[in-house]
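For the record, the sequence lines run as chains A and B.
Position one of the first sequence corresponds to residue 1 (this note's numbering), numbered consecutively onward.
Position one of the second sequence corresponds to residue 1 (this note's numbering), numbered consecutively onward.
Hints in this document: simulated from the structure, not taken from any laboratory.
One or more of the hints may lead you astray.
A pair holds if it fits inside one copy or across any two, identical chains being indistinguishable in the list.
The calculated SDA-like cross-link candidates involving lysine to any residue, where the alpha carbons are at most 20 Å apart (straight line), are [what the hints assert, rightly or not]:
no.: 1; residue 1: K659; residue 2: E714
no.: 2; residue 1: K146; residue 2: Y468
no.: 3; residue 1: K502; residue 2: N435
no.: 4; residue 1: K73; residue 2: Y356
no.: 5; residue 1: K659; residue 2: D306
no.: 6; residue 1: K613; residue 2: D721
no.: 7; residue 1: K37; residue 2: Q691
no.: 8; residue 1: K85; residue 2: E438
no.: 9; residue 1: K267; residue 2: Y356
no.: 10; residue 1: K108; residue 2: A82
no.: 11; residue 1: K128; residue 2: A90
no.: 12; residue 1: K347; residue 2: L362
no.: 13; residue 1: K85; residue 2: K146
no.: 14; residue 1: K240; residue 2: T222
no.: 15; residue 1: K338; residue 2: N282
no.: 16; residue 1: K37; residue 2: A687
no.: 17; residue 1: K128; residue 2: E93
Number of protein chains: 2
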Amino acid sequence: MKKNRRHALAWLMVALIALPLSAQQQFTLEDLNFGGKNYRNMIAKNRSLTWWGDQLLRLSADTCWKVNPVNGKEKVLFTRDAINKGTGLADDEQVTSLSYASFPYPDKPVAVLYNHNERMLVNFKTRKVEWRQERSVGAVAEEWNKNSRAMAFVMDDNLCITDAAGNTRQVTSDGSRDLVYGQSVHRNEFGIEGGLFWNPQGDRLAFYRMDQSMVTDYPLITVPELDDSLQVIATPAPEKYPMAGQTSHLVTVGVLGVATGDTVYLKAGDPTDRYFSNISWNPAGDIVYMMEGNRDQNVVDLVAYDAVTGNRMATLYHEAHPKYVEPQHPITFLPWDKEKFLLWSEKDGYNHLYLYDTSGRLVKQLTHGNWVVMDLLGFDTDRQAIIISANADSPIQQNLYRVDVATGQMTRIDEGGRGWHSGRLSTSGAWLIDNYQEPDVPRNIAIVDTRNNRQYRYFTAPDPWQGYTVPEYRCGTIKAADDSTDLYYRLVLPTDFDPAKKYPTVVYVYGGPHAHNVDARWHYASRSWETYMAQRGYVLFILDNRGSENRGRDFEQATFRHLGQVEMQDQMRGVDFLRTLSYVDTTRLGVHGWSFGGFMTISLMTNYPDVFKVGVAGGPVIDWKWYEVMYGERYMDTPQTNPEGYAQTSLLNKAADLKGRLQIIIGLNDPTVVPQHAYSFLKACIAAGTQPDFYVYPGQGHNMMGHQSVHLHERITRYFDDYLK
Amino acid sequence: MKKNRRHALAWLMVALIALPLSAQQQFTLEDLNFGGKNYRNMIAKNRSLTWWGDQLLRLSADTCWKVNPVNGKEKVLFTRDAINKGTGLADDEQVTSLSYASFPYPDKPVAVLYNHNERMLVNFKTRKVEWRQERSVGAVAEEWNKNSRAMAFVMDDNLCITDAAGNTRQVTSDGSRDLVYGQSVHRNEFGIEGGLFWNPQGDRLAFYRMDQSMVTDYPLITVPELDDSLQVIATPAPEKYPMAGQTSHLVTVGVLGVATGDTVYLKAGDPTDRYFSNISWNPAGDIVYMMEGNRDQNVVDLVAYDAVTGNRMATLYHEAHPKYVEPQHPITFLPWDKEKFLLWSEKDGYNHLYLYDTSGRLVKQLTHGNWVVMDLLGFDTDRQAIIISANADSPIQQNLYRVDVATGQMTRIDEGGRGWHSGRLSTSGAWLIDNYQEPDVPRNIAIVDTRNNRQYRYFTAPDPWQGYTVPEYRCGTIKAADDSTDLYYRLVLPTDFDPAKKYPTVVYVYGGPHAHNVDARWHYASRSWETYMAQRGYVLFILDNRGSENRGRDFEQATFRHLGQVEMQDQMRGVDFLRTLSYVDTTRLGVHGWSFGGFMTISLMTNYPDVFKVGVAGGPVIDWKWYEVMYGERYMDTPQTNPEGYAQTSLLNKAADLKGRLQIIIGLNDPTVVPQHAYSFLKACIAAGTQPDFYVYPGQGHNMMGHQSVHLHERITRYFDDYLK
């Protein structure tokens, strides 16, 4: 470790020497904003690392190195050139890059590599292509199984399988925009990220089938690209969008036997108004588990199905809550005991891991405390331990821990015990890559021996902002509007801060569930636009109100059925705090946020019209009755069952109260918060005689991609410059 | 006349006495803008007058008066109450208002009146309902013939007829959004205002049939009304929109014999890429005439068809021009000679009337000179004269003239010979209602004896702005960029004008064909927003550049194939003129316009980025290739035949040159300049890194209706206040 620290110092000195003698540089949005022309040079350098069993490997496009975890010494394992020469692959069949190489077989010198058209298993010792499989150009989803080497994919709306021998079979034929196979369902809520689920052996595939023929279309439109000479007129781009309280889709789960080609559907009963999520397999690969929730989202069951017959076998677990339950993780079997699995639940108030057996008996709660488990990284099978990430040391940190399953003893194993750590475990669980940031650390990587808790610094990123004038970032807590809960804030001070001056101040807000803004990453996770604004003479203030993530169930559920209200109360406590800061000009307060934060921005502008002078709201929800079923009803119930809550939170009813300058910005093709929200708010303001401003990014979705984000942030900045400065 | 002048003075004194003693009032947009809450009180009062033969009548909702044209004395002819009592109509059948009464039979004491469901012929002497006919609720077009009393209408996309006896027959059955019967075709270009054309006898009906199944849809969307609890999600509202150079619709003309029920289609040949316009009948009602133009719009033929067989009889007239010809008026037969008709043409450079006979022989050109005929008001049959409006006395006036057909002698017959006169002729042509404005006259009405050219003042509207601080309106001419053509401008000075000061100045512009902004109406036709801006301390400048109307063919056609270019050159001469005015701050120049004027605004902002600091462009054309076939190709030819012209005028190529502040405003449901224009310009600006502002009125079309126009003008004003003041 000490040696590595010296490495870091050496790096720093090189950077200092390389500095021009002129004054410190000023940032542009091309430097700071993702998509900016110089952005890649301004983020902390990283190393692409992976595991081959317990062997640490580093990857670049051209080279794969073996890395000694203790001293960081690297040795070339193979190069792309050598592979391409050795295999004798034709010019158009050569491996394109090693960056995406993977090493699924710990005991074989074989890498999964790709050329333009194929997935290949290449023996990097013999430099022979041991196996190859054509990839499906145009597949919208693709899952490969390392054991059977079969590939499942979705093409032209239908599910297809390519087996190890290269035979491709179309499994379904009635797929369409209305009938979706093998893709995410329930709009990616409930932890769903895909629709293809191999069993461990790769001989059975579970897959989603979603009938959305009964779901209304939202009429998005596509404006022709400027360089498209063939497309003259705009075209409809309808998006299936089930709004809160409206008819939703029907999901079923099929299981395909690869050898037989037969599909059986799990006999889960009528899918109307039900959610099927968190699909997983038993180790033997003949039982499918899934979480089954009701439309009200206050009850969930873990149910086991016979994968061969589709018959329902047992309900292993049942959870209910008067507000809502939201299973986000499939169960995971212990590698050393095929009868026991880990289950995630917030039932004690915080997200923790529980050990169950396959009869549905609770063996024990594995983690405890007023903190949450964030990720299950894997297992140390030999020693029967699990490796997790959690915020047990501080609500704004993410640390890595080893938990002994037998004793429940939990040991922090990351380097430094501060900051925000992301881990990647080796096959045996003996080693861990710890890639982390701290408030004053842009990025370090340590290799951890998880069994003796020793950390070896492998990489220390130089400060990417060396030579620039960087503002001060502060972090602290204030009390929520309940006078008891600690809320974390970040404060960014103007670059040439003078406490005797008074500065215009912008509150950046998100505020919604499943997200947070303040943590112990570099600069307390400050968004780079904050730095840009600080450079222009603004104070920035960011507060994670109740309703945001990682603080436990009750913290997040405080907002149930009246989104935005408790959040605003907490944000106003933030304003109270700003009033105590002599250098904050509270006559020049602005607010900015996107999505839920756009909703918060307009909520604050209209509920506190004398507090906030200027606001910029991106992709804002205006009325929750136009948001989609899954997320919307979880937090708000339905417009039919919670009319008061919908009325209270609807910004249509606040249009007349707009007083300051408000700019609303949307993507014309936003399929998440559809343009109807913003349009309807404009209608309400026009009727009420108030004057919001508005902008739209044609062809963009819920967020602006690529260089358009630079344009967007120039736009946002200009608005505050125009009216707040 | 003198007596009436005294009347006017009496009016004025009443108004002065009624004035509060406090200071002069300031205007609000609710006063000035149409749709404003006080707007109706702020426009010049009017009188609703009509003719029953040669008897002048005045109408209100409740009363119909006979008016003595010479002394203005009024006598009640009948009242609504008396009619309703006399006829004994049931409560739900009573006449609702007399405001829309008409008197089609000069020799009978009969009025056409309406109740909620019916058209009725009521004898106002006997107070009997002589005839009644149910109206068709939901009809999208309706034409009634006073001779046969048959009514033609379009319902549920199909043509229907109700005869005098009340029998209704559906004439077509295949009508749809794709196949349109009895409505305007060719997007109302070529003077087309409807699709149902009765012959004089009312026993045959010519009608349009438009097959637009092959025309692409523009995907407009409708956002639910805020008070619509049934409609949750936005819905598609596709609009058939043939863009320049693209496939257009097919129009044919049918003739229905009412007695037989048979329809024959005029045998005009393949309608592909042809325009059929200006449909009319011969006096005998058995020949249909129409103008037939080619897609290039540089050739037009007047063709006669046998209404019984549909056979083509003869081409009576042919006109061609290297740029374009644009017939806007059907032929009109002389009442005293069924073999001769009047034909309009610009062929000598100005719009004039020509007398032809039915063999197609030119009898003579009836009007001559470097001025244009604007309207044909009718005939004095006994004396064989025609009554027209024209700008023969000044390019910015519209005066009323009597033209003797035999001698061609033309006599101005309106009161005063200044200003802008609109006439309504009595049945015999002996009398004329002359409703007019002059630069300092809000509205006068004189009754004219057309045969001896005597005018009797009937009504003098009081100044509706009495008591308000009114700015000064000036009018004058400058030379166009060709250094020879006179262009008319209007200059509005700030309300508390001080020539020693320097004022921000806004150029309001339209600039396109078939329109003008400066004429000799009240305040030189100043738009009321100009007064609002003058009150806020702006100078307003409005110039009718080459390309605008009423100045003859070459003046208007100067812009052919490169719209906006000559117009900009002329507008920049306007800026040169402004530079000569010491009180104009040319460092604070703004520009505003709508539609073609929106196109001009962005053209000026991007072609002269250092001249114009702020612009507001409403419903702007961005690239003529996305404008519709009829108007677009007339002035620009097609993108295929005029690629240089389209490229030169496309504002997509100018997005990078935007420097000042530009706000673009559109109606989300604009079917005229579809939203794709504005969206694509935003795309181009985003790509180029320039920052226009944008606003949209959901549910609004090409112009903002009702009170939304007040909101719009508050918005436009604020933008100049924000960035130009």
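Problem set entry | Same-copy or cross-copy closeness of K347 to L362 [CA-CA at most 20 Å] | Intra 13 Å, inter 97 Å, cutoff 20 Å: intra-copy only.
For this session: Please work out whether the CA atoms of K37 and Q691 approach to 20 Å or closer within one copy, between two copies, in both situations, or in neither?
Result: between (35 Å within a copy, 18 Å between copies)
Exercise. Checking K502 and N435: alpha-carbon separation at most 20 Å within a copy, between copies, both or neither?
Worked result: Answer is neither: 39 Å inside a copy and 64 Å across each miss the 20 Å cutoff.
Exercise. Between the shortest in-copy and the shortest cross-copy C-alpha distance, which are at most 20 Å for K128 and E93: within, between, both, or neither?
Worked result: Intra 13 Å, inter 95 Å, cutoff 20 Å: intra-copy only.
Problem set entry | Within, between, both or neither, where K613 and D721 count as close if Cα-Cα is 20 Å or less | Both, since 12 Å and 18 Å are each at most 20 Å.
Problem set entry | K73 and Y356: within-copy, between-copy, both or neither at 20 Å Cα | neither (43 Å within a copy, 102 Å between copies)
For this session: Evaluate K267 and Y356 at a C-alpha cut-off of 20 Å and name the case that applies: within, between, both or neither.
Result: neither (24 Å within a copy, 85 Å between copies)
Exercise. For the identical chains here, do K659 and D306 meet the 20 Å Cα criterion within one copy, between copies, both, or neither?
Worked result: neither (61 Å within a copy, 67 Å between copies)
Problem set entry | Within, between, both or neither, where K240 and T222 count as close if Cα-Cα is 20 Å or less | both (15 Å within a copy, 17 Å between copies)
Exercise. How do K85 and K146 come out at 20 Å by Cα distance, when the copy is not named: within, between, both, or neither?
Worked result: Result: close neither inside a copy nor across copies, 26 Å intra and 94 Å inter.
For this session: If the cutoff is 20 Å on CA atoms, where do K338 and N282 land: within, between, both or neither? Let me know, please.
Result: within (8 Å within a copy, 97 Å between copies)
For this session: Since the copies are identical, ignore which copy is meant and state whether K659 and E714 lie within 20 Å (CA to CA) inside a copy, between copies, both or neither.
Result: The answer is between: 15 Å across copies meets 20 Å, while 24 Å in one copy does not.
Checked against the numbered hints given earlier, the structure breaks hints 2, 3, 4, 5, 8, 9, 13 and satisfies all the rest.
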